[in-house]
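Number of protein chains: 4
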Amino acid sequence: MEPLRVAVVGASGYTGAEFLRLARLHPALSLTRLCAESKAGLPLSEVLPPFHGIDLPPLVRFDAADVAAHADFAVLGLPHGAAQDATAELLAAGVRVVDMSADHRFSDPDEFARIYGPHRHPANLAETVYGLPELNRERLRTTRLAGCAGCYPTSVVLAVTPALEADLLATREVIADSKSGVSGAGRTPGAGTHFPETAEGLHAYKTFDHRHAPEISRALGGLKVRFTPHLVPMNRGILSTVYLRLRSGIDLATVRAAYERRYAHEPFVRVLPAAVHPDTRHVRGSNLCHLGLFVEDDLLCVQTVIDNLTKGAAGQALQCLNLMAGLPETTGLDHTALFP
Amino acid sequence: MEPLRVAVVGASGYTGAEFLRLARLHPALSLTRLCAESKAGLPLSEVLPPFHGIDLPPLVRFDAADVAAHADFAVLGLPHGAAQDATAELLAAGVRVVDMSADHRFSDPDEFARIYGPHRHPANLAETVYGLPELNRERLRTTRLAGCAGCYPTSVVLAVTPALEADLLATREVIADSKSGVSGAGRTPGAGTHFPETAEGLHAYKTFDHRHAPEISRALGGLKVRFTPHLVPMNRGILSTVYLRLRSGIDLATVRAAYERRYAHEPFVRVLPAAVHPDTRHVRGSNLCHLGLFVEDDLLCVQTVIDNLTKGAAGQALQCLNLMAGLPETTGLDHTALFP
Amino acid sequence: MEPLRVAVVGASGYTGAEFLRLARLHPALSLTRLCAESKAGLPLSEVLPPFHGIDLPPLVRFDAADVAAHADFAVLGLPHGAAQDATAELLAAGVRVVDMSADHRFSDPDEFARIYGPHRHPANLAETVYGLPELNRERLRTTRLAGCAGCYPTSVVLAVTPALEADLLATREVIADSKSGVSGAGRTPGAGTHFPETAEGLHAYKTFDHRHAPEISRALGGLKVRFTPHLVPMNRGILSTVYLRLRSGIDLATVRAAYERRYAHEPFVRVLPAAVHPDTRHVRGSNLCHLGLFVEDDLLCVQTVIDNLTKGAAGQALQCLNLMAGLPETTGLDHTALFP
Amino acid sequence: MEPLRVAVVGASGYTGAEFLRLARLHPALSLTRLCAESKAGLPLSEVLPPFHGIDLPPLVRFDAADVAAHADFAVLGLPHGAAQDATAELLAAGVRVVDMSADHRFSDPDEFARIYGPHRHPANLAETVYGLPELNRERLRTTRLAGCAGCYPTSVVLAVTPALEADLLATREVIADSKSGVSGAGRTPGAGTHFPETAEGLHAYKTFDHRHAPEISRALGGLKVRFTPHLVPMNRGILSTVYLRLRSGIDLATVRAAYERRYAHEPFVRVLPAAVHPDTRHVRGSNLCHLGLFVEDDLLCVQTVIDNLTKGAAGQALQCLNLMAGLPETTGLDHTALFP
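Residue numbers (this note's numbering), protein chains in the order written: chain A, 1 to 340; chain B, 1001 to 1340; chain C, 2001 to 2340; chain D, 3001 to 3340.
Next comes chain A alone, as it looks inside the complex:
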């Protein structure tokens, strides 16, 4: 079989680098173009030292026509905002796009504009598919454009969906207390991610004011989302501790049954045994989501862990790409966690 020809646009950031790590070991995929902006022309090993001496294409400036000549798919690791034009050019040139940025996670241009400002190519929003295979598997197979779910939203949406679909909830509200490692902030240094301002400390940020809240709400059919993200002194991993109010008479056994049924055939979501707590360290570097369930009276606490750069970004992108390309969904994603 011809290998899938894939370009990575925005290869020098963390999500791009993570995609390279996964894609290199993918048996049916060939990385044909690596594009970067300010880092174009530099040796890849200077920008991404783990790839010293590894055979990969050089870092070049993005050119949609050039990408189209050499790739069937493009995976975008660009900053939010920068992916809009690139996507438009790539689609026009016949390249199917998997966007890891936030630029194509909403279908409604007005909704997008309220959160991120006006979209420069609103027509593309009409055809984007929200890139969370556990929700949109079938639509992803045929789309030209997937807007990968955000890292926090992936963890929260997977935590809530079974309860919502099984009609277990008494109120249409979720409290999501989420905790993330620092790589989620990206590769650009800043005061808030300076090592001495981050190590040996913990704080919340943007309480009730983070742009992932409306994304979660949209993916959950308009549920009210009370979202408090926290920054944890570790590189990778998200733990979302999610609180939901159960309808009268719903107990832990009923909840467990609903979650186990919903995820019985999902290749990357694992409902842990009763009383077992998920730990970010157990999924680090894998595309897995571990999920734990706890009930006290009418309060349900769901805990999910993912690697924010894998299932929360590059692994999810590869999962979407596999679907779009007609490959088995798990191809190249069978890694288990780097432990410890």
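Everything labelled a hint here was simulated from the structure, so no lab data went into it. Accuracy of the hints is not assured; some may be wrong.
As the list claims (entries may be wrong) - Below, computed lysine-lysine pairings styled on BS3-like, alpha-carbon distance capped at 27 Å:
no., chain 1, residue 1, chain 2, residue 2
1, D, K3206, A, K39
2, C, K2206, C, K2224
3, D, K3224, D, K3206
4, B, K1224, B, K1206
5, A, K224, B, K1224
6, A, K206, A, K224
7, D, K3224, C, K2224
8, B, K1206, C, K2039
9, C, K2224, B, K1039
10, D, K3039, A, K206
Said to hold, decoys possible - Only part of the chain C face toward chain D is listed, based on derived beta-carbon distances under 10 Å:
no., residue
11, I2054
12, E2089
13, A2092
14, R2172
15, G2181
16, E2197
17, T2198
18, D2279
19, F2339
Stated by the list, open to error - Per the computed footprint, the stretches of chain A lying under chain B, defined by three or more beta-carbons under 8 Å from a beta-carbon of chain B, are:
no., stretch
20, 200 to 212
21, 225 to 232
Just so it is clear, the structure is predicted and the values come from calculations on it, not from any experiment. Note that CB positions come from ideal geometry on N, CA and C, so glycine has one too.
Given the coordinates of chain A, assemble chains B, C and D onto it according to the supplied hints.
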């Protein structure tokens, strides 16, 4: 003035060592006895290397009569359970006691027994004062026995009390999503605190099943407490993210006014400016509690940070001791955080 | 082609778990038996949570005959000392052995005894091959027994060998200042690896008194080894900073030429460009060794980084096993670092 | 007694903040002016959140006349280069200066220029005293200007001085393999101190090319210094592992005697018992230096640990200031480590 003569019983653990750090710089306190169990007889600098070459009494076995001969007060850093007999012997010998363990945090023997099993000296519970000066300042001045508030309870009770006292709440329930550094687990090694099983990872534990939940509930007049503690890869610090339901019509300004009024004269509690998030790193090694307030619709999120070994244990013990001894409450507790 | 049937004996420790991670993605290898001691009978996912829901054999007690019936090779992740009997039984049963412990790193029983005490099967030492493919590639192809090089020794021996072979050195002495992550201490908790005694701190240990020093010396033809290991607050990685005295007239260019020549065809050793410093984070989870070279007057400083669990243990074991099995040496070892 | 009136110029960086932490608890010192550049005018608690609600002067722009009107001493926490003009203005206005930057660590303008470029006020170098009380106690008492020793130099000079003074060394060369926490890099964010590029990793930098090497050499009478600094994923602490060649016949007992004699009356330097390794965690937040000694044949390994921000900067500055002001040298410096 005669210095206060103080013994530390259980000096070799983290809370004991933290008390030594603070007490050495206290201008009106003299450490006259340091007691340990298995470590008695060893050089202090072998057990607690930071004190190499520092002039302190040797580690001796606990003997209540000996302590009584040399100390007016004893501060107990013993494991839970082990403080019951020591306290009884010390009180009988005329020594006033500040207990940092969980052995004297309840007044009702039945309630204590339900959580920790039967108390060996239930009569002492009748006279213990819950050692949280922000709640019980006056009673602490005269008691013979203070049972210092736990680390998690301190952070949650300080977060909830003003809302409760000002009658801002619509429901008698609190969701407390708390995160602690690893020193809270004590100094005895175990699988769950082995460095490679803790660094670069995050998990909750004992969800809805932790013994601090009833302690918090008792201190908050019976409020239902939904408590999820998490272990964070850092040494010190607790951040409690607390969710409360506001009565209709209560907005952020009303909430802020109530909290600022309640804590206006508290020496160790700081209500941060609007939109500012507290960070454990900003109170590390200090006896301070920083507190932030956030509201979305009818949901109030209060965030508090403390150092679990200082305001959560040894600093609080010294604060209680100051009160019991008739000293200014802040004596020897004016440290600011070790930053960064 | 028939897959290689491989048993892992001692699967529940860190080196065993790391071997499982790598072996699962190896295209020509089938894990047929997983053996453990105290953990036998427990669900694998309880012992090694990253493998929850992953299809692997159950943890059973070690039985040499059973292993021989189902495996051609056994990889041993047992504690030092425990591998001697297991190896003897496996060899007798016709199973070829790759031992990750220290039990088969010396050929001379007397030398072994001086360091570790008497060997229970000294005859096996006569046929063991020191498992460092960069030194012993050809002998590994045919041996029944490989004693994988230790983690520190791997990093130091790779740093020194080219200088030694090219006769660049003025003295037969090496100062090796090595720094290791905490996973090198194994999975058994202890005071020295308790998180609060390890995080935010750094110290040397066993200065001039570590059992890896004679191993390094043996691998380097009797060079005097001055070895100071340090414990660094991170999970994985070894950085060895090695100081060597150059013969008169040898400059950096000559040194670089010798190292580049020596490692030109080594698949896992990379000599970095001039003035570039290797970083443990750039090889984490990979089987790579990055190497940097620095000269001041007659002093050569070589810096090597490896992942102590991969190139320092399980990756090296797989590399040895590939050679012993006649497979391409790099099969299943093409991972790049988990970054960041 | 009148309190010492002290200004801090450059109060918003880590060394300035650390000086504030210590000075607030100093019984004979009054902080009268806090100066900053870009942060002047901002609330102190916004710039340095640990000081929220703490009574301290506001952050104002530096004005030498204003400082002179309110302070007898100025402690400078400015970036390298920026302290030259400020010092000149302050001295001219009659204020005695303790400079924590590298601007006044050399007496010879030519030597300074070779390392840092031309000094703008070379005459001041003639009267500066190198701020390491263990070397220059008497001269510090009377100087108008102290140029505090750097963090790495403090750790290395304390490690070598006794051996040098006691004539124990066979060669005039020291190999100093030093390891530092990240706060040593200052508070300005950059790629090299971005959390995800620093945590879970270790590397050397500027091998044989760091500006502290000539400073160490100068303080050690011209000894050749082979200096390799490393960046360790922790906030505070320096461990220097120093290798020296002993003269024939010098054994560990002789070495220990020389070190113990040299430091017998030093208040902040502790020679640890035989075979005990110093640990940065045991001096964190204190002004102490712990020192360990190890010998193999003719090689001496000295290990020193300090807190880079305390004994390596602000604590040392306060120690110098105490001497210059005629106060007991240890005043306000009696802290023990924050442990754990």
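Taking the hints in turn, this is what the structure says about them:
1. This hinted pair checks out: K3206/D and K39/A have alpha carbons roughly 23 Å apart, not beyond 27 Å.
2. Restraint check for K2206/C and K2224/C: the C-alpha separation of about 17 Å stays at or below 27 Å, so the hint holds.
3. Between K3224/D and K3206/D, the direct Cα distance comes to roughly 17 Å. Compliance with the 27 Å bound is thereby established for this hinted pair.
4. Distance hint between K1224/B and K1206/B is fulfilled; the C-alpha atoms sit about 17 Å from each other, no more than 27 Å.
5. About 23 Å separates the Cα atoms of K224/A and K1224/B, which keeps this hinted pair within 27 Å; it holds.
6. Note on K206/A and K224/A: the hinted pairing holds, with a Cα-Cα distance of about 17 Å set against a maximum of 27 Å.
7. Of the supplied pair hints, the one linking K3224/D and K2224/C holds, its CA atoms being roughly 23 Å apart against a limit of 27 Å.
8. At roughly 23 Å between alpha-carbon atoms, K1206/B and K2039/C fall within 27 Å of each other, so this suggested pair holds.
9. Distance hint between K2224/C and K1039/B is unfulfilled; the C-alpha atoms sit about 40 Å from each other, more than 27 Å.
10. Our distance criterion of 27 Å between C-alpha atoms is met by K3039/D and K206/A, whose separation comes to about 23 Å.
11. The closest approach between the C-beta of I2054/C and any C-beta of chain D is roughly 24 Å, which is over the 10 Å cut-off, so the hint fails.
12. A hinted interface residue such as E2089/C counts as satisfied when its beta carbon comes closer than 10 Å to some beta carbon of chain D; here the least separation is about 39 Å, so the hint is violated.
13. Given the 10 Å rule on beta carbons, the hint for A2092/C is violated: about 41 Å separates it from the nearest Cβ of chain D.
14. With a cut of 10 Å, the hint placing R2172/C at the interface with chain D is violated, because the nearest CB-to-CB distance is about 12 Å.
15. Of the supplied interface hints, the one on G2181/C holds, with its beta-carbon coming within about 8 Å of a beta-carbon of chain D, less than 10 Å.
16. Interface restraint check for E2197/C: the shortest CB-CB distance to chain D comes to about 6 Å, inside 10 Å, so the restraint holds.
17. Because the smallest distance between the Cβ of T2198/C and any Cβ of chain D comes to about 8 Å, under 10 Å, the interface hint for this residue holds.
18. With its C-beta approaching chain D no nearer than about 4 Å, D2279/C sits inside the 10 Å limit, and its interface hint holds.
19. With a least beta-carbon distance of about 9 Å to chain D, the hint placing F2339/C at the interface is held under the 10 Å criterion.
20. Against chain B, the stretch 200 to 212 of chain A contributes 8 residues with a C-beta closer than 8 Å to a partner C-beta. That satisfies the three-residue criterion, and the hint holds.
21. Restraint check on the stretch 225 to 232 of chain A versus chain B: 4 residues with Cβ-Cβ distances below 8 Å, three needed, restraint holds.
Hints 9, 11, 12, 13, 14 from the list above are not met by this structure, while the remaining hints are.
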